[in-house]
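Asker: Spelled out from the first residue to the last, the chains are:
Protein chains: 2
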Amino acid sequence: MTTQQLTQQIHLKKSFLCIGLDVDLTKIPQHLLQLEDPIFEFNKAIIDATHDLTVAYKPNTAFYEAYGIKGWQSLQKTINYINEKHPDIFTIADAKRGDIGNTSSMYAKAFLEDLNFDSVTVAPYMGKDSVEPFLAFENKHTILLALTSNEGAFDFQTLKTNGKELYKQVLETSKTWKNAENLMYVVGATKAEYFSEIRKIVPDSFLLVPGVGAQGGSLSEVCKCGMNKSIGLLINSSRAIIYASNESNFAMKAREEAQKIQSEMEEILKRTNTDYTD
Amino acid sequence: MTTQQLTQQIHLKKSFLCIGLDVDLTKIPQHLLQLEDPIFEFNKAIIDATHDLTVAYKPNTAFYEAYGIKGWQSLQKTINYINEKHPDIFTIADAKRGDIGNTSSMYAKAFLEDLNFDSVTVAPYMGKDSVEPFLAFENKHTILLALTSNEGAFDFQTLKTNGKELYKQVLETSKTWKNAENLMYVVGATKAEYFSEIRKIVPDSFLLVPGVGAQGGSLSEVCKCGMNKSIGLLINSSRAIIYASNESNFAMKAREEAQKIQSEMEEILKRTNTDYTD
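So the sequence lines, in the order shown, correspond to chains A and B.
Residue numbering for the first sequence follows the working numbering, starting at 1 and increasing by one per position.
Residue numbering for the second sequence follows the working numbering, starting at 1001 and increasing by one per position.
For reference, chain A alone in the conformation it holds in the complex:
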C-alpha cells in the first residue's frame, strides 16, 4: 500500500486509528479458550467488529512469540485474514527488529514478503545498514523508532548529541538513507509538545503514535501539532479497545470504544483544512 492510498483510506473512513492486536490469553474472554486457536478467534472477532472504523491493524509480535509455534500460526492466520478480507487496511508488524545487514534482510523478507505485512517497526540503534534492507521493499514501509512512549525513552532518546536530542538525530540521519521515502516513525503521544519540533525535521512522513488513551496522551493535542496535509498520523490504541470487556459481548464493546475514537477523529478531520483531493 502506498502512503497516498493510506491517506485516501483515512478520508474514506474518517479515521486514522490503528488497532493494536496484542492478545494476552489471560485477558480475553474465557469461552474462547476452548476453541482450537483462541488468539486467532479473538482477533477475527475484533477485526469483524472494527474494520470499518480503523485504517490499520498492528499485531505486536511479542504476544505471538510468547506462545511459540502456536503463536506464530495465530499471527500468520491473522495477517492472512486481514489481507484477504480487508486488503485496504494497512498492516503493521510491530516487531522492533534490527540487526546487521544480511540478518536484517532475513527479518525484512519474513515480515514484508512471506507474512506480507505492509510495514514493520525497526529499532535504529545499529544504524544505516541495519535499516536499509527493510527500506528496499517497494510499496512497503519501515517504521523507525524515534521517540517512544515509555518512561525509558528518556534514558537515551532525549540525550543531547551534537546539541540536539538523539531522536532528532535519528530522524535527520535516517532521511539520508537509501529509499528513505519508505520511512515512517514511531513517536509517542505522551509528549505532544515534541510534535512541532519533529514536524520541522520530517514534515511529510507518517508518524505511528502509541500512548493515546491507556498511556495518557491527548488526541487533540497530538493532532494540533503533528498533523500534516496528508494527515500523516496513525494513532494506535490497543488495550483500551480490545480489552474493553472480557464478556461474551467483547467484540461489540471493542467496537464501541473504537467508535468513540473514530468519532473524535472525524470531528478533528472536519476542523482540519487539508488540501486533500480524492
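No lab work stands behind these hints, which were simulated from the structure alone.
Note that CB positions come from ideal geometry on N, CA and C, so glycine has one too.
If a hint is listed, it holds; no wrong ones were tucked in.
Cross-link-like lysine-lysine pairs, in silico, BS3-like; alpha carbons within 30 angstroms at most:
#1 A:229 - A:175
#2 A:85 - B:1070
#3 A:27 - B:1140
#4 B:1109 - A:77
#5 A:160 - B:1160
#6 A:178 - B:1191
#7 A:27 - B:1109
#8 B:1014 - B:1044
#9 A:70 - B:1085
#10 B:1164 - A:160
#11 A:160 - B:1178
#12 B:1160 - A:178
#13 A:70 - B:1070
#14 B:1191 - A:164
#15 A:77 - A:253
#16 B:1270 - B:1229
#17 B:1164 - A:164
#18 B:1200 - B:1229
#19 B:1200 - A:160
#20 A:200 - B:1164
#21 B:1109 - B:1044
#22 B:1109 - A:109
#23 B:1178 - A:27
#24 A:70 - B:1140
#25 A:70 - B:1109
#26 A:200 - B:1160
#27 B:1077 - A:77
#28 A:70 - B:1027
#29 A:191 - B:1178
#30 B:1224 - B:1140
#31 A:175 - B:1191
Pair by pair, the computed Cβ-Cβ distance ranges are:
#32 B:1116 - A:36: 17 to 27 angstroms
#33 B:1247 - A:26: 48 to 58 angstroms
#34 B:1139 - A:36: 28 to 38 angstroms
#35 A:81 - B:1024: 29 to 39 angstroms
Quick look at which bits of chain B chain A covers, simulated, 3 or more residues with Cβ under 8 angstroms:
#36 1069-1081
#37 1119-1127
#38 1157-1170
Using the hints provided, position chain B relative to the given structure of chain A.
Answerer: Same frame as chain A, but now just chain B:
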C-alpha cells in the same frame, strides 16, 4: 547457568568460543534439503562435531523466523537438543529484542523460560523499562547491544552525549538498573582499541564479541584489551565455521575451523595470568 559456571567451562574446554547457528538454506549442503527438517539436521551435525570446542551456541532468530512456523520448529528442536545433550553449554538467543515493559516481559518469557535459553540479546534504545523485564530472570543473562560490529555502529552509537559516546552512556546507565548483575554486553571486535575504555566502565561483565574472522577483527588484540580475571569474553564466529564447506564433510570441516580458533584461544589462556581457581 551462572557466570562462574561459564568461566569454569572456559577453563575446562580451554575455549571461549561461541558458534553462531545462522542457518541459511541456500548455503548448507544440498543433500540435507531432502530431509524433513534440514535446518535442525544441519545444526545437529554442527553441534555433534563441535560441542567439545565451544562454550556457547548462538542461533540468530532472524534466520529461523525467515522460514516461518517451520523455522520456529527448527529453533525449538535446536535449543532442546543443546539443553538435553549438552547442558553445560551456554545458549544465546540472538534476538535483539526490546519493547515497552509489558511487551518485553512477553519476549523474556518466550526466550528465557519457554525456549529455555540461558540468555538473550536486547537493544537498549527504549531504555530501562524495556530491559529490566529480561533482567528479572534468575541465573539468566541479558546481553545488551553496546557497540556493534557493523558499519552503522558509527551512525548513533559513537555520537557524543554529555561528552561521552552513546555506547559508553548505555554501559554506565545500564549498571544502575535492577538486577544489573545479569547483564552482559555486545561489543564488536572490529574496534579492538575500544576494549580498554569499555573495561574501565564494566570491568567484570562478560562481553559477547562478534566480528572476529569474517568481519576482520583480531582475536589476540581483543583478548589483550578485553579479557578480565574471569576471562569475560565470548568470541562469536558464525559463517567462518558453519559454512567452512558445503560438501558432505561439512561438519568435519566446521570442526577443523572451530579447532583452529580453539587452539589459538588455548594459547592465549596459557599466556594469560588469571587468578582462576577451580
